[in-house]
Amino acid sequence: MADNTTTPKTVDSLLDTEKTFKERVAYFGRFLWRDRSGVIGLIVFLIVVFAAVFAPMITDQSPLDQDLRSSKMPPAWQEEGDWAHPFGTDSLGKDIFSRVLYGARVSLMVGLFGVLIAGTLGMLIGAIAGYAGGRLDAAIMSGVNLILSLPYLLFVVFIAAVLGRSLLNVILIFGITDAPIFARVTRGEVLRIRESGYVESAVSAGARWPRILFDHILPNLLGPLITLATFEMSRMIFYEAGLGFLGLSVPPNEYPTWGNMLAAGRKYMTSYPWMASFPGLAIMFTSLGMNLLGDWLRDVLDPRMRRSRK
Amino acid sequence: MHRYLFSKLAQSLLLLFGVLFLVFMMVRVTGDPAALMMPRESSPEQIEAFREEMGFNDPLMVQFGRFIVEAVKGDFGNSLHFKTPAMPMVVERLGATVELAVAGLLMAMIFGIPIGLIGGFTPGGVTDNIGRFIALMGQSIPNFWLGLMMILYFGVELGWFPTFGRDTWHSVVMPAFVLGLPVLGQIVRLTRSAVLEIRGEDFIRTAHSKGLEPKTIYTKHVLRNVAIPLVSVIGVQFGYMLGGSIYIEAIFSWPGMGGLLEQSIGWRDFPLVQAIAVFTSVIVLALNIVTDMAYSIIDPRIRYGR
Chain A
1 MADNTTTPKT VDSLLDTEKT FKERVAYFGR FLWRDRSGVI GLIVFLIVVF
51 AAVFAPMITD QSPLDQDLRS SKMPPAWQEE GDWAHPFGTD SLGKDIFSRV
101 LYGARVSLMV GLFGVLIAGT LGMLIGAIAG YAGGRLDAAI MSGVNLILSL
151 PYLLFVVFIA AVLGRSLLNV ILIFGITDAP IFARVTRGEV LRIRESGYVE
201 SAVSAGARWP RILFDHILPN LLGPLITLAT FEMSRMIFYE AGLGFLGLSV
251 PPNEYPTWGN MLAAGRKYMT SYPWMASFPG LAIMFTSLGM NLLGDWLRDV
301 LDPRMRRSRK
Chain B
1 MHRYLFSKLA QSLLLLFGVL FLVFMMVRVT GDPAALMMPR ESSPEQIEAF
51 REEMGFNDPL MVQFGRFIVE AVKGDFGNSL HFKTPAMPMV VERLGATVEL
101 AVAGLLMAMI FGIPIGLIGG FTPGGVTDNI GRFIALMGQS IPNFWLGLMM
151 ILYFGVELGW FPTFGRDTWH SVVMPAFVLG LPVLGQIVRL TRSAVLEIRG
201 EDFIRTAHSK GLEPKTIYTK HVLRNVAIPL VSVIGVQFGY MLGGSIYIEA
251 IFSWPGMGGL LEQSIGWRDF PLVQAIAVFT SVIVLALNIV TDMAYSIIDP
301 RIRYGR
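Line order of the protein sequences matches chains A and B. Position 283, counted from 1, in the first sequence is what the working numbering calls 283; the numbers after and before it change by one each time, with no gaps. Position 15, counted from 1, in the second sequence is what the working numbering calls 15; the numbers after and before it change by one each time, with no gaps.
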């Protein structure tokens, strides 16, 4: 674009198609630096991902091996601790450090796949409602709003209790019950974008609907949806731990999760507090990071938000 | 106004029907309800007898019709564990749960609204930063875990508060704090951003330029407009607390509906679980209507707009 040089150098949108790749990276970097808490959030999130992916290389202890001779060992820095088990061991002698690392896998998997399912379903429903408008829109949205007004946690617990405990069930439950939120946001954005001047001008210039959808609507949808996905992922990790705590998530002998570790540690709270402390800290660390990251993404991806912050 | 109320009521009734349908189908379609509800070690003959007794052999539509008719009468069958009707038991536990949720909500409002207001009026100040930190923590700390840690420290170590049960006002402090913390964070965030947004509106500038006292502007113009999103969020959060109390009640052995739900899941006592799910939904739906009413009282635009 020739007149690019005449426009002011301030970069207005990350998703501006006229930016080169380098400019976009520079833009991202500037924002990352300006908002330190976003950097912290990103680092925390990457640490969790790293721990989940490279768990077998970080520790040589198996998360499932029982060793009753070394059960209930305190963390390494306490008396009677041993650096072979940095975070100590649980009531059956399983290594807590390695269980926390492997537990990150379940949490991230639930968050990632849960958000993917919820996001796909919700986007579809929301886009149909927003694009169709009229009675179909009204019907879909009143359904969505009413579902959102139900006591969410209660139904998650109820459904999990009926379906039985497995990783797939947990992912499906979150994926389906969380879709209405994505539908509501998508619909709102589609409505806003549809009314905007640039879509109108594209239509009047004779652009066909696939082009309008993929070139104009989808890129503008992405920002708010990515932000929402970050927050929802953190929420799902949170609730998975809650389900595990009630004994409704993945069974502890199958795979360690932060939730089922908390549930197991709860019985020994007063005498062996580290069994419940470390998985709880792991949940807190992860969702702190993701919330910071989400706040930052919202500022970067949504220029309207950025202006109102000043 | 009446039409608005009427359509809200109709929507809520429709949703209630949806809830009943979901609760009914979940238990029956996902597997054998008799096997689900009976203890794992039951013999096939026992399960067959149970199936006959509960009417699981009838066609699904007949069962659903019966379920709806009984549910309208408030009858969700007998609890399998206690062998007494499920609904009265749930109602009996309601008081404790509501007490806990109200205490938590009050805590969140008493601290959250002033912190949010100060933060909104002086962004970047000390109170604002503290408030934003609290909001972030409230969002990120798993409150069931915080409950465990508080029991350990304030209950066992320091002995300030009882670690379980519901005896004196002391017992409500820790569970209410833990239940209210995420809500506190929400309220701080919302109040702050609402104040920031409203302060930039044209009508506030007009009020300033026509020489109104800042005090009048804050109380009459800003606060009234902050109240609108606040009321709706408080309504939603109260519903959330009724659901979220499952964890908190389980940790603190609080004798409410949440604690009962946790136990009844352990006993596979599904009539009781169903009664709790439906009853809590009814409360939340009623609450939504009340919130909408409050909403339209504060904001005339809603009252006259429809």
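Warning: the hint list may mix true and false statements.
In silico SDA-like pairs for lysine to any residue, Cα to Cα no more than 25 Å straight-line [unchecked claim]:
| # | chain 1 | residue 1 | chain 2 | residue 2 |
| --- | --- | --- | --- | --- |
| 1 | B | K8 | A | A132 |
| 2 | B | K8 | A | M284 |
| 3 | B | K8 | A | V185 |
| 4 | B | K8 | A | M141 |
| 5 | B | K83 | B | S43 |
| 6 | B | K8 | A | G188 |
Calculated from the structure, these hints are not laboratory results.
Take the C-alpha atoms of B/K8 and A/M141, compute the straight-line distance between them, and say whether it is at most 25 Å.
-> holds (14 Å)
Does B/K8 pair with A/V185 here, judged by a C-alpha cut-off of 25 Å?
-> Holds - the C-alpha atoms of A/V185 and B/K8 are around 22 Å apart, at most 25 Å.
Hint consistency between B/K8 and A/A132 [alpha-carbon to alpha-carbon, up to 25 Å] | holds (24 Å)
25 Å Cα cutoff - pair B/K8, A/G188 | Holds. B/K8 to A/G188 sits at ~21 Å (cutoff 25 Å).
Decide if the proposed pair is consistent with the structure: B/K8 and A/M284, CA atoms, cutoff 25 Å inclusive.
-> Violated, at roughly 39 Å.
Could you grab the alpha-carbon distance between B/K83 and B/S43 and see if it respects the 25 Å cut-off?
-> holds (20 Å)
When the structure is compared with the earlier hints, a violation turns up for hint 2 alone.
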